[in-house]
Amino acid sequence: MEKFSQFGIEPVLLAAQIINFIILIYLLKRFLYKPILDLLKKREEKIKQGLSAAAAGEELLEKTKEEEKKILSIAAEEASLLLAQSRQRGTKLEEEITSTAKEKSQQLIQEAQSQLEEERRLMEKALEKQTAHAAIGILEKLLPKILSREDHLHILENSEKLLKRVLTA
Amino acid sequence: MEISFAAEKIGEIGGVPITNSFITSIFASLLLVSFSFFISRRLNMIPGKVQNVTENIVETLYMLNTQIAGKRTAFIFPWFATFFLSIVFANWLGLLPGFGTVGFFQKEGHFVPLLRPVNSDLNITLSLALISIAVTHFFSIKVMGIKEYLGRFFSLNPINLFVGILELVSEFTKVASLSFRLFGNIFAGEALLVTVSKISAFSAFIIPIPFMMLELVVGLVQGLVFAMLTLVFMVILTTSHKEGGG
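Order-wise, the sequence lines are chains A and B.
Here this note's numbering is used: the first residue of the first sequence is 1, the next is one more, and so on.
Here this note's numbering is used: the first residue of the second sequence is 170, the next is one more, and so on.
Rather than coming from a laboratory, the hints here were simulated on the basis of the structure.
Check each hint, because a few of them may be wrong.
Stated by the list, open to error - Computed cross-link-like contacts, BS3-like style, restricted to lysine-lysine with a CA-CA straight-line distance of at most 30 Å:
hint, chain 1, residue 1, chain 2, residue 2
1, B, K240, A, K41
2, A, K46, A, K65
3, A, K42, A, K29
4, B, K367, B, K178
5, B, K311, A, K41
6, B, K343, A, K46
7, A, K48, B, K343
8, B, K178, B, K240
9, A, K92, A, K65
10, B, K276, A, K41
11, A, K29, A, K48
12, A, K46, A, K34
13, B, K276, B, K178
14, A, K125, A, K102
15, B, K311, A, K34
16, B, K218, A, K34
17, B, K218, A, K46
18, A, K41, A, K29
19, B, K367, A, K29
20, B, K276, B, K218
21, B, K240, A, K29
22, B, K343, B, K316
23, A, K102, A, K129
24, A, K129, A, K104
25, B, K311, B, K276
26, A, K92, A, K125
27, B, K218, A, K42
28, B, K316, B, K240
29, B, K276, A, K29
30, A, K92, A, K102
31, A, K164, B, K178
32, A, K125, A, K141
33, A, K65, A, K41
34, A, K48, A, K63
35, A, K141, A, K129
36, A, K92, A, K104
37, B, K240, A, K48
38, A, K65, A, K42
39, B, K276, A, K34
40, A, K42, B, K240
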């Protein structure tokens, strides 16, 4: 006991110190450990949520990229198809226009040729008429000198008949 | 200057002697609680420097506790952390200027410092050791039940009974070893610093610095040793023979 008193052991101080420490534990638990551990847990949860959201976002991005690729390839296919179709249509239309134009030009040429033919025929007819008239005129002037009056009349009548026949033909 | 084993009595309140180490102990506790209160009011999801350091300390202690105690962490952690923080803080506080140097002279010419390092008083280290062992046994009864708890010390099998009695004796030696180790180290450190400072007038300025650095390490190590031993004792006494595979 003497040794203990040398160290200053006081039961009252021991009890006071024990109470002091128990109060300290209670207060530290309430104001330090619990709030900080709760906060750490909350932060951990948030980080987990953030990471899973980031992973989901990345997955979505990948999906969107894949979808974008698909859409682009479909669009490219459609575009090339449309281009081919429009080229085909263009060619067809060109052919149609060309053939119509050819037909029209041929028609025009044919019309011009027939018109030309008609005019030539009319001219020939007119020429024949004029030639006949000229021949009659010449005959009228020359024949009285060569032929008798009766022959002359006879020939004139025949010529006139012939001429009429020619002209009516 | 004489360094006494016992803490010097400063006064008395209602029959309770107030020693200089007790005052320091109350002061250290108040500082710790005030800091905790300050931190808890300003906790933020994005921590500042002070919060970051505090979080790191608490988290490190918690992880250490979890690695050793496993599923018993929840009830062991506050005791383990408080032993560590209060001991380390008190040890480092005792290195501040004014401790052991600011005081008054009694009638006999004996110098009484107003502040004395907390753990250089056996009253305090003994009370810490008593709390540690008492709480350890309380948890043991709570977790294993009174029957298995008593079965650890008393048995009809003579060999087990002998081992049990040895274990019972070891529980008392735990108190002694915990309290005297902490007291011895801190008291020796204080005595060393005072002695070095007293060699000559000049030695009081530069020479104590390396020893103070050493005391910083000693203060940390002693806090860790006390807290770790308490943790290990708690884990051992709350693990049944079946669970432990023994």
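Verification of the supplied hints:
1. B:K240 to A:K41: holds, 17 Å
2. A:K46 to A:K65: Holds, because 28 Å separates the two Cα atoms, which is no more than 30 Å.
3. A:K42 to A:K29: holds, 18 Å
4. B:K367 to B:K178: Judged against 30 Å, a Cα distance of about 24 Å means the pair holds.
5. B:K311 to A:K41: At roughly 27 Å apart (the allowed maximum being 30 Å), K41 of chain A and K311 of chain B satisfy the hint.
6. B:K343 to A:K46: Violated, because 44 Å separates the two Cα atoms, which is more than 30 Å.
7. A:K48 to B:K343: This hinted pair is violated, its Cα atoms lying about 43 Å apart.
8. B:K178 to B:K240: Violated. K178 of chain B to K240 of chain B sits at ~44 Å, over the 30 Å cutoff.
9. A:K92 to A:K65: Violated, because 40 Å separates the two Cα atoms, which is more than 30 Å.
10. B:K276 to A:K41: With Cα atoms ~58 Å apart, K276 of chain B and K41 of chain A exceed 30 Å; violated.
11. A:K29 to A:K48: Holds, at about 26 Å.
12. A:K46 to A:K34: Status holds; Cα separation ~18 Å.
13. B:K276 to B:K178: It holds: about 14 Å lies between the C-alpha atoms, which stays within 30 Å.
14. A:K125 to A:K102: violated, 34 Å
15. B:K311 to A:K34: holds, 22 Å
16. B:K218 to A:K34: Cα-Cα ~19 Å, so holds.
17. B:K218 to A:K46: holds, 21 Å
18. A:K41 to A:K29: Distance of about 16 Å is within 30 Å: holds.
19. B:K367 to A:K29: violated, 42 Å
20. B:K276 to B:K218: violated, 49 Å
21. B:K240 to A:K29: Answer holds: K240 of chain B to K29 of chain A is near 18 Å, not above 30 Å.
22. B:K343 to B:K316: Holds, at roughly 23 Å.
23. A:K102 to A:K129: At roughly 40 Å apart (the allowed maximum being 30 Å), K129 of chain A and K102 of chain A break the hint.
24. A:K129 to A:K104: Since the Cα atoms of K129 of chain A and K104 of chain A sit roughly 37 Å apart, the hinted pair is violated (cutoff 30 Å).
25. B:K311 to B:K276: violated, 53 Å
26. A:K92 to A:K125: violated, 49 Å
27. B:K218 to A:K42: Holds, because 19 Å separates the two Cα atoms, which is no more than 30 Å.
28. B:K316 to B:K240: holds, 22 Å
29. B:K276 to A:K29: violated, 44 Å
30. A:K92 to A:K102: Distance of about 15 Å is within 30 Å: holds.
31. A:K164 to B:K178: Violated: K164 of chain A and K178 of chain B sit about 177 Å apart, past 30 Å.
32. A:K125 to A:K141: OK: K125 of chain A and K141 of chain A at ~24 Å, within 30 Å.
33. A:K65 to A:K41: violated, 36 Å
34. A:K48 to A:K63: holds, 22 Å
35. A:K141 to A:K129: It holds: about 18 Å lies between the C-alpha atoms, which stays within 30 Å.
36. A:K92 to A:K104: holds, 18 Å
37. B:K240 to A:K48: holds, 23 Å
38. A:K65 to A:K42: Given that 30 Å is the threshold and the Cα spacing comes to 34 Å, the pair is violated.
39. B:K276 to A:K34: violated, 50 Å
40. A:K42 to B:K240: Cα-Cα ~20 Å, so holds.
Going down the numbered hints, you'll see the structure goes against 6, 7, 8, 9, 10, 14, 19, 20, 23, 24, 25, 26, 29, 31, 33, 38 and 39, while the others check out.
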